[in-house]
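Q: Line by line, the protein sequences give chains S and Y. Sequential numbering of the first sequence, starting at 113, is according to the numbering used here. Sequential numbering of the second sequence, starting at 113, is according to the numbering used here.
If you are wondering where the hints come from, they were derived from the structure by calculation, not from laboratory data. Treat the numbers as computed from the prediction; the structure is a model and nothing was measured. We put the CB at the ideal spot given by N, CA and C, even for glycine. Some hints here could point you the wrong way.
[To be verified] Chain Y is faced by these chain S residues, among others (derived, beta-carbon under 8 Å):
hint, residue
1, TYR124
2, LYS193
3, VAL291
4, ARG293
5, TYR405
6, GLU495
7, ALA560
8, PHE563
[Claimed, not checked] Quick list of in silico lysine-lysine cross-link-like pairs, DSS-like style, CA-CA up to 25 Å:
hint, chain 1, residue 1, chain 2, residue 2
9, Y, LYS518, Y, LYS209
10, S, LYS524, Y, LYS193
11, Y, LYS243, S, LYS209
12, Y, LYS369, S, LYS369
13, Y, LYS118, S, LYS193
14, Y, LYS524, S, LYS193
There are 2 protein chains.
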Amino acid sequence: MAQNEKIPYKIYLSEEEIPRQWYNVRADMKNKPAPLINPGTHEPMSAADLAPVFCDELVAQELDNDTAYIDIPQEIRDFYKMYRPSPLVRAYCLEEKLDTPAKIYYKFEGNNTSGSHKLNSAIAQAYYAKKQGLKGVTTETGAGQWGTALSMACAYLGLDCKVYMVKCSYEQKPFRREVMRTYGAQVTPSPSDTTQVGRKILAENPDTTGSLGCAISEAVEVAVGTEGYRYVLGSVLNQVLLHQSVIGLETKAALDKYGIVPDMIIGCAGGGSNLGGLVSPFMGEKLRGERDYRIIAVEPASCPSFTRGKFVYDFCDTGMVTPLAKMYTLGSGFIPSANHAGGLRYHGMSPILSQLYHDGLMEAVSVEQTAVFEAAEMFARVEGILPAPESSHAIRVAIDEALKCKQTGEEKTIVFGLTGTGYFDLVAYEKYNNGEMDDHIPTDEELAVGFAGIPRFEGNEI
Amino acid sequence: MAQNEKIPYKIYLSEEEIPRQWYNVRADMKNKPAPLINPGTHEPMSAADLAPVFCDELVAQELDNDTAYIDIPQEIRDFYKMYRPSPLVRAYCLEEKLDTPAKIYYKFEGNNTSGSHKLNSAIAQAYYAKKQGLKGVTTETGAGQWGTALSMACAYLGLDCKVYMVKCSYEQKPFRREVMRTYGAQVTPSPSDTTQVGRKILAENPDTTGSLGCAISEAVEVAVGTEGYRYVLGSVLNQVLLHQSVIGLETKAALDKYGIVPDMIIGCAGGGSNLGGLVSPFMGEKLRGERDYRIIAVEPASCPSFTRGKFVYDFCDTGMVTPLAKMYTLGSGFIPSANHAGGLRYHGMSPILSQLYHDGLMEAVSVEQTAVFEAAEMFARVEGILPAPESSHAIRVAIDEALKCKQTGEEKTIVFGLTGTGYFDLVAYEKYNNGEMDDHIPTDEELAVGFAGIPRFEGNEI
Numbered sequence: 113m114a115q116n117e118k119i120p121y122k123i124y125l126s127e128e129e130i131p132r133q134w135y136n137v138r139a140d141m142k143n144k145p146a147p148l149i150n151p152g153t154h155e156p157m158s159a160a161d162l163a164p165v166f167c168d169e170l171v172a173q174e175l176d177n178d179t180a181y182i183d184i185p186q187e188i189r190d191f192y193k194m195y196r197p198s199p200l201v202r203a204y205c206l207e208e209k210l211d212t213p214a215k216i217y218y219k220f221e222g223n224n225t226s227g228s229h230k231l232n233s234a235i236a237q238a239y240y241a242k243k244q245g246l247k248g249v250t251t252e253t254g255a256g257q258w259g260t261a262l263s264m265a266c267a268y269l270g271l272d273c274k275v276y277m278v279k280c281s282y283e284q285k286p287f288r289r290e291v292m293r294t295y296g297a298q299v300t301p302s303p304s305d306t307t308q309v310g311r312k313i314l315a316e317n318p319d320t321t322g323s324l325g326c327a328i329s330e331a332v333e334v335a336v337g338t339e340g341y342r343y344v345l346g347s348v349l350n351q352v353l354l355h356q357s358v359i360g361l362e363t364k365a366a367l368d369k370y371g372i373v374p375d376m377i378i379g380c381a382g383g384g385s386n387l388g389g390l391v392s393p394f395m396g397e398k399l400r401g402e403r404d405y406r407i408i409a410v411e412p413a414s415c416p417s418f419t420r421g422k423f424v425y426d427f428c429d430t431g432m433v434t435p436l437a438k439m440y441t442l443g444s445g446f447i448p449s450a451n452h453a454g455g456l457r458y459h460g461m462s463p464i465l466s467q468l469y470h471d472g473l474m475e476a477v478s479v480e481q482t483a484v485f486e487a488a489e490m491f492a493r494v495e496g497i498l499p500a501p502e503s504s505h506a507i508r509v510a511i512d513e514a515l516k517c518k519q520t521g522e523e524k525t526i527v528f529g530l531t532g533t534g535y536f537d538l539v540a541y542e543k544y545n546n547g548e549m550d551d552h553i554p555t556d557e558e559l560a561v562g563f564a565g566i567p568r569f570e571g572n573e574i
Numbered sequence: 113m114a115q116n117e118k119i120p121y122k123i124y125l126s127e128e129e130i131p132r133q134w135y136n137v138r139a140d141m142k143n144k145p146a147p148l149i150n151p152g153t154h155e156p157m158s159a160a161d162l163a164p165v166f167c168d169e170l171v172a173q174e175l176d177n178d179t180a181y182i183d184i185p186q187e188i189r190d191f192y193k194m195y196r197p198s199p200l201v202r203a204y205c206l207e208e209k210l211d212t213p214a215k216i217y218y219k220f221e222g223n224n225t226s227g228s229h230k231l232n233s234a235i236a237q238a239y240y241a242k243k244q245g246l247k248g249v250t251t252e253t254g255a256g257q258w259g260t261a262l263s264m265a266c267a268y269l270g271l272d273c274k275v276y277m278v279k280c281s282y283e284q285k286p287f288r289r290e291v292m293r294t295y296g297a298q299v300t301p302s303p304s305d306t307t308q309v310g311r312k313i314l315a316e317n318p319d320t321t322g323s324l325g326c327a328i329s330e331a332v333e334v335a336v337g338t339e340g341y342r343y344v345l346g347s348v349l350n351q352v353l354l355h356q357s358v359i360g361l362e363t364k365a366a367l368d369k370y371g372i373v374p375d376m377i378i379g380c381a382g383g384g385s386n387l388g389g390l391v392s393p394f395m396g397e398k399l400r401g402e403r404d405y406r407i408i409a410v411e412p413a414s415c416p417s418f419t420r421g422k423f424v425y426d427f428c429d430t431g432m433v434t435p436l437a438k439m440y441t442l443g444s445g446f447i448p449s450a451n452h453a454g455g456l457r458y459h460g461m462s463p464i465l466s467q468l469y470h471d472g473l474m475e476a477v478s479v480e481q482t483a484v485f486e487a488a489e490m491f492a493r494v495e496g497i498l499p500a501p502e503s504s505h506a507i508r509v510a511i512d513e514a515l516k517c518k519q520t521g522e523e524k525t526i527v528f529g530l531t532g533t534g535y536f537d538l539v540a541y542e543k544y545n546n547g548e549m550d551d552h553i554p555t556d557e558e559l560a561v562g563f564a565g566i567p568r569f570e571g572n573e574i
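This is chain S alone, in the form it adopts within the complex:
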């Protein structure tokens, strides 16, 4: 095949080709994402309202629906050079294994110590906090990738970092905790007795293994109540998708270099940080009517925000201390089955992606975790990279689409996001290796419990 001779296994851009500006997909959206609103007044949150929670520059980015390109400060670009550009890999070995005419590419974001794409936004958020003269930041972490990324960014810049880590991850992943401690972070299992909201949740449910929503509540409470601190978040927010656009911009630049036009772009979706970043420039072309792509979000069947959630205003956290965001949500009280080891456990979804999905500009599918780990194992064996369970959701659907091409004979070009590595997910792999993994799909009754907690007010019917 002629193309085989020309396209290398890994397409690397040079450091000079790292984007100089982030791309803000909101600028090209006809229907903008709904604003965050105050849960009491239902009025849109102003910059002043958000200032006690987020640092000023990030508030401006959060609220900016109009500026298409925002400069990446040189200091952040310098940090990016430590691990970017990330490679766009042609999955020759996977194609051969599947015996498919499809051409498969993946953008690999795992070649850094945080093990995922999360570092792209962590350094940006830490940088703006430092620039504002703050002492430190608080955050939550689930699987631990975001907490690790933020710890690394804070160590680099000399900022304090307090991480609330979902208790089940804290216990299942002691090594993640030690990476964060090596980078100087203070790590607390959530729910904890260090916050009002944590004590309340523990009193109501002493055996809870925690949730992202609950850890967010604790981190926000501490940030708002501590002088010189702000809260930072690794997903969901508009600012995060902005920073993560480096993934998509690099992907597009690498594809353009070889004249490759993808037919579909596939990404896993928890809060939407990777998917939103990966697809943004492609979605921009689609929104501007320049080109069409299939864009596919993949979520776990055990936490199906897009495919079974409601598109309404809801709290971003379990403790109901955050503003309301309009998004696909399972309800802030929804906690996925403890049997689900595959990450992507957040009840809601990025408001930007929610709006795009609502407007029919992207698709969503849900997959069960045994099938996800089957794909992960196959991928590891042929492509050599042990993927994160989260990323493996995208691998699953990329494989499924490539197998469809095998049936139809179509030579489609598939691009998917390989967000990270699974080196800290071996408890889950062990379960899979031992045949002890099970799939839990919430019943309608179980979902109804989460939906019942969604705030009701005029215009927010579910």
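Could you slot chain Y onto chain S? The hints should help.
A: Frame of chain S, contents of chain Y only:
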């Protein structure tokens, strides 16, 4: 600084620039490494003698002291393309942190799922086994990097893989075991009751936590006793240093691209696989009188083969089932303190490196593990990569040399090998984070116990 503008953070070669031939430093050595000998007859091992243990092509490579360049088969180069060329990184952030005029570069071999350089030889050894029509291979692993690498290579080629894992690592690193299992390997803690030698060692010392030397004995016994199997080894052997020369060849090509001439090259040394590979082309220039470099081996003070060992013939394994190799050794019965968490626990050293060290062509220093982890933490925080404890030995000495430059004002160029990542070494990092790490330096009396086990015969006085 003008150079800062020109030299990127990471120098990447293209896939086309992956070496097409390995470099065999023995060809340029005036004093060749001593041959392996039969422990009974003290005669050099012939190809026929080695054939039951190693596959034929590898025996040929093991015995070839003359061919300077050996072709890398295309299939192996294709596998290399999945994770090579590895970057040569300019440690700008470390230089700034140290405020040194030294220029520091590191060749980073950790960006693959095995987490180290070991994959370079694993794929070669698995390839030749497959080519010979074998069913599978056996090996030992200590920290787990080699076992993981071999599992990956075997999964890729469809070979069986039986790994004997040093018991203390098996227990401290259950996740390493799961990675290997994900790649389809059969992993057994060593010593085990699956071999004669294992049962003997267990009978004599039921509480032993194992050693590399002991695991080698078991793996060799199984290979020799099982139809269609051969034994493979991740370090020490001449063939391994040959395969690992890709590290040095790429390093040299990257330096040459920017006209950089290093003053010193630093590598950690356990059995010598990384150091031997990294330094080989530079050593070649030195041996041919073309250029001079300082070449520095760094070993743990708790397992000081070079700095306190004897240069004699000794067994490669604890069970004394292997041929004898002439090398710097602490005695095959030497087992480093269980308190030592920093890897590099092998009692002997590559015969090639041993000869070069004996001939005054390289230096060796030993470092204590607390100092090693201090260097690891500093490196992680400024360079963003969590290093393997093994690699951190080289970091320690690179930092020490850079600090000397700060005192003298010399702008020396330092290149060191960053062999791998520490994602599976968090038990050790946790000890360090908790201030519970201690340094054990063996006393002369403790070393004497190991030396007592070295075979004595005419010409092998210690």
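Q: With a cut-off of 8 Å on the beta carbons, see whether ALA560(S) makes it to chain Y.
A: violated, 37 Å
Q: Can we keep the LYS193(S) interface hint, with Cβ of chain Y closer than 8 Å?
A: For LYS193(S), the interface hint holds, since the closest Cβ of chain Y sits about 4 Å away, which is under 8 Å.
Q: Given the hint that LYS524(Y) pairs with LYS193(S), test it: the Cα-Cα distance must not exceed 25 Å.
A: holds, 24 Å
Q: Are LYS524(S) and LYS193(Y) close enough, with their CA atoms no more than 25 Å apart?
A: holds, 24 Å
Q: Just to be careful: measuring from the Cβ of ARG293(S) to every Cβ in chain Y, is the smallest value less than 8 Å?
A: holds, 5 Å
Q: Run the distance test for LYS118(Y) versus LYS193(S): straight-line Cα separation, threshold 25 Å.
A: holds, 14 Å
Q: Close enough to count: is the Cβ of GLU495(S) nearer than 8 Å to one in chain Y?
A: holds, 7 Å
Q: Interface hint check: TYR124(S), Cβ to nearest Cβ on chain Y, cutoff 8 Å. Holds or violated?
A: This interface hint holds because 6 Å falls under the 8 Å limit.
Q: With the threshold set at 25 Å, check whether the alpha-carbon distance from LYS369(Y) to LYS369(S) stays at or below it.
A: With Cα atoms ~23 Å apart, LYS369(Y) and LYS369(S) stay inside 25 Å; holds.
Q: For the hint on VAL291(S), just tell me whether its beta-carbon gets within less than 8 Å of chain Y.
A: holds, 6 Å
Q: Measure nothing beyond the straight line between the CA atoms of LYS518(Y) and LYS209(Y); if it is 25 Å or shorter, mark the hint as holding.
A: Holds, because 12 Å separates the two Cα atoms, which is no more than 25 Å.
Q: Do the alpha carbons of LYS243(Y) and LYS209(S) lie within 25 Å of each other, as the hint requires?
A: holds, 20 Å
Violation of the numbered hints given earlier is confined to hints 5, 7 and 8; the remaining hints are satisfied by the structure.
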